[in-house]
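Q: Residue numbers (our numbering), protein chains in the order written: chain A, 2 to 370; chain B, 269 to 589.
For the record, the hints were derived by calculation from the structure and aren't laboratory data.
Possibly wrong hints are sitting among the right ones.
Calculated from the model, a selection of chain A residues having no Cβ within reach of chain B, i.e. all distances over 10 Å [as the list claims (entries may be wrong)]:
1) Gly90
2) Gly165
3) Glu168
4) Ala177
5) Gln230
6) Lys288
7) Ser319
For each label pair, taking beta carbons as the anchor points, the in silico distance ranges come out as [to be verified]:
8) B/Gly558 to A/Glu320: 50 to 58 Å
9) A/Ser79 to B/Gly558: 53 to 61 Å
10) A/Asp209 to B/Tyr439: 45 to 53 Å
11) B/Ala354 to A/Asp81: 25 to 33 Å
12) B/Tyr439 to A/Ser192: 47 to 55 Å
13) A/Asp144 to B/Tyr562: 20 to 28 Å
14) B/Pro391 to A/Ser91: 41 to 49 Å
15) A/Asp144 to B/Glu421: 45 to 53 Å
All C-beta atoms, glycine included, are put in the ideal place defined by N, C-alpha and C.
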Amino acid sequence: MSFIKKFIEQETINRRNLLLGAAYGVGGLVAAKTLGAGSAQAALTDPAVAWSYRNRTNPYWNEIVSGGEAFVESLGKSKDFLTHLINEGSSEKSLSDVKSLLAKTNGNLALAIDTNDAPNARPVVESVAEAGAYVSTLWNKTDDLHPWDFGDNYVSHMSWSDEGPAEKTARILLDAMGGKGGVVHLGGIASNNPAIERLNGLKNALKDYPDVELLDAQPADWDTQKANQVMSSFLTRYGDEITGVHCANDTIAYGVLEALRAEGIEDMPIVSYDGNPQAVDLVGQGKILATVFTNPHWGGGITAALAYHAAIGSFKPSEEPNEHREFYGPTVFITPDDAAEFKKSFIENVPTYDWTDFWGPSNGQIMYK
Amino acid sequence: MNDLLTRDMLVKWAPLIVLIVLVLMFALIEPRFFSVRNFARIGISSAPALMVAIGVTFIIIMGSIDLSMEGTVSVCAVAFAFCFLALGGTLWSAAWLALPLALVVGAVIGLINGLVHVKLKIPSFMASLAMGFVGTGFALLLTGGDRVRIEDEAFRSLLTVRWFNFPIMCYVALAFLLIAWFIQTRTTLGRNFYAVGGGEELAHASGLNVNRVRVLGFMLAGVFYAVGALLAVGRIGIAETATGSNFMFVSITSVVVGGTALWGGIGGVFNTLIGVLIVNVIGNGMVVVGLPGYVQDGVLGLLVIIAVVLSTDRKSVDFVK
Chain A
2 MSFIKKFIEQ ETINRRNLLL GAAYGVGGLV AAKTLGAGSA QAALTDPAVA
52 WSYRNRTNPY WNEIVSGGEA FVESLGKSKD FLTHLINEGS SEKSLSDVKS
102 LLAKTNGNLA LAIDTNDAPN ARPVVESVAE AGAYVSTLWN KTDDLHPWDF
152 GDNYVSHMSW SDEGPAEKTA RILLDAMGGK GGVVHLGGIA SNNPAIERLN
202 GLKNALKDYP DVELLDAQPA DWDTQKANQV MSSFLTRYGD EITGVHCAND
252 TIAYGVLEAL RAEGIEDMPI VSYDGNPQAV DLVGQGKILA TVFTNPHWGG
302 GITAALAYHA AIGSFKPSEE PNEHREFYGP TVFITPDDAA EFKKSFIENV
352 PTYDWTDFWG PSNGQIMYK
Chain B
269 MNDLLTRDML VKWAPLIVLI VLVLMFALIE PRFFSVRNFA RIGISSAPAL
319 MVAIGVTFII IMGSIDLSME GTVSVCAVAF AFCFLALGGT LWSAAWLALP
369 LALVVGAVIG LINGLVHVKL KIPSFMASLA MGFVGTGFAL LLTGGDRVRI
419 EDEAFRSLLT VRWFNFPIMC YVALAFLLIA WFIQTRTTLG RNFYAVGGGE
469 ELAHASGLNV NRVRVLGFML AGVFYAVGAL LAVGRIGIAE TATGSNFMFV
519 SITSVVVGGT ALWGGIGGVF NTLIGVLIVN VIGNGMVVVG LPGYVQDGVL
569 GLLVIIAVVL STDRKSVDFV K
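Extracted from the complex, chain A is given alone in its bound form (with noise of 0.2 Å):
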């Protein structure tokens, strides 16, 4: 069975499941409000909802905040409903935004945010739990920092490991290359964690394969103009010694394409990452090998819901197991065989996602090394 058709069956499952769960749970809460059950733990009541993110002109943030927006829309809001703090990459303006926030909304927030860098997450973490608001976090932290550390005010914090996912399409980007010649790698920003758990990925299936060798491996700064010059450097470098090319990205593996256009090379098999729409066309045109897509529409969307849903008592944290405060985002494959199946489904309609299914697609508990 394909990736796509087991991941949309999954969902289904588990959006039915959490209907009912959902369904119980706001019953639950009412029961509780009628009873007069007071508010040992004060929950909140109608939270201002902020997301808190370097800025729009990235794709993959405008695929995260436009699943932000998606949730505030789904509580019957207008869009203006979520607070934009814009960090424009530096953790200073992230964490005195925050502060800001927090005293502007007297601690009557739920927040979603990238920190920007991981040693900011736990200043943030703490002024919103001193404020008595409640916070989600996307990608960084400190491998010390922990939800569970916080009672309820840190709900949850989600990451995505890229390895394990690397791994896989260098597996088969090697099986196409017959499992022998040459490959390149064109990786990110080098100091970016991604960009190094992504040649990661790539060197560990490389192991398997001691007929294939890695020629270089060189930053292309998800960049598709500077992976362009780079890929073409390569070929005067390596010319046919080169049989695969793993790109870190989409961007970058746009550039590739267009380098080995110039040369009239139309045939190399390439692999990349992120499923951006052009490139899940190309992998249906068989142009790429495969994607692999993290789905941050929804990864922006349940952040801000768990934020929000702590926030005004659907669920407690502090109940809740350790796997549904730190996990890993959901990893989609895209191949040829079914980009034309994801295309429809992820792509021309946008899904409505269940924001009170909080950890359906989700990836398992993330493990430190």
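Assemble the complex: chain A is given as a structure, and chain B must be docked to it using the hints.
A: The following block gives chain B in isolation, referenced to the frame of chain A:
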């Protein structure tokens, strides 16, 4: 003393010598660097950058600076792509009108840029930097963060069709280089750029409308940015907000490395050609000889400093700002 070896001659030819030394150095380390196919690759990566760098050369000769190229290139690329697709999506239809339209868009942005600088009396550094941000924001507004693909075979022949081993875009860039050279040496406007850069007060006192020259300079730069945008789209087949990324560093560096002085009045478009080639030879060469990625940025910075030291005549200025 031998006439061929005077200081002036040496300074004049230093950028070319730097380029030749670099090529020989990379060729010695990795013989595969020295092949026609690789020169074609360097040509492809240089062509859009050359257009942008020529644009800013005119501004720098005037002693001003223009940092709006990233925004301008993005807006021109996106505007071109949308019009091209709306008018038929292939060069063999009315869509070819998108080409001149992109140049007009570039000129208009340059005009606004120049007027903001001259009329509001904002230093060109700040005015153009701000215009660049406006441009990037506007391009984002147009695309909504998406990429626009240009698939038309005729337009993409800029990259895919080769004459004498070099793709058409290299010849287009060469043609525009000649046009720029013509403007620089054979028109009043071109000579006025040097007059303004060499001594603005003097130029003004001799009856030259300096403000008009400045505005025209920014417009002309905008047109060349637009040509750069078209070649950049031709190279990767995608127009997006990020199309303009990195052009600021590459173009300013190239102009300076080529021997055009940032204080104005010295240099020209052929210096810029050499400068662009130096920067791209370094970029290509470092990957070809296999320097690790994390060393490359540092080495590029060092080589740029060395190239500037060798190729500009610092004796002729009293102070550096």
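Q: Against this structure, judge whether each hint is valid.
A: Right, here's what the structure says about each hint:
1. With a closest Cβ-Cβ approach of about 15 Å to chain B, A/Gly90 is found to remain outside the 10 Å limit, as its non-interface label requires.
2. Even its closest Cβ contact with chain B, about 24 Å, leaves A/Gly165 beyond 10 Å, as expected for a residue assigned away from the interface.
3. Against chain B, the non-interface label of A/Glu168 holds: every CB pair exceeds 10 Å, the least being about 21 Å.
4. At roughly 24 Å, the least C-beta separation between A/Ala177 and chain B is larger than 10 Å, which holds for a residue marked as non-interface.
5. With a minimum CB-CB distance of about 5 Å to chain B, A/Gln230 fails to clear the 10 Å threshold, and the non-interface call is violated.
6. Look at A/Lys288: its CB is around 12 Å from the nearest CB on chain B, clear of 10 Å, so calling it non-interface holds up.
7. For A/Ser319, the non-interface assignment is confirmed: its Cβ lies about 38 Å from the closest Cβ of chain B, beyond the 10 Å cut-off.
8. Between B/Gly558 and A/Glu320 the beta carbons are some 56 Å apart, a value that agrees with the proposed interval 50 to 58 Å.
9. About 55 Å separates the C-beta atoms of A/Ser79 and B/Gly558, a value consistent with the hinted range of 53 to 61 Å.
10. Against the hinted window of 45 to 53 Å, the Cβ-Cβ separation of A/Asp209 and B/Tyr439 comes to about 48 Å, which satisfies the hint.
11. At about 31 Å, the beta-carbon gap between B/Ala354 and A/Asp81 stays in the expected band of 25 to 33 Å.
12. Look at B/Tyr439 against A/Ser192: about 40 Å separates their beta carbons, and that is not inside 47 to 55 Å.
13. A hinted range of 20 to 28 Å holds for the C-beta pair A/Asp144 and B/Tyr562, which are about 24 Å apart.
14. Between B/Pro391 and A/Ser91, the C-beta spacing of about 26 Å breaks the proposed range 41 to 49 Å.
15. The hinted range of 45 to 53 Å is satisfied by A/Asp144 and B/Glu421, whose Cβ atoms lie roughly 52 Å apart.
Of the numbered hints given earlier, the model fails hints 5, 12, 14; all others are met.
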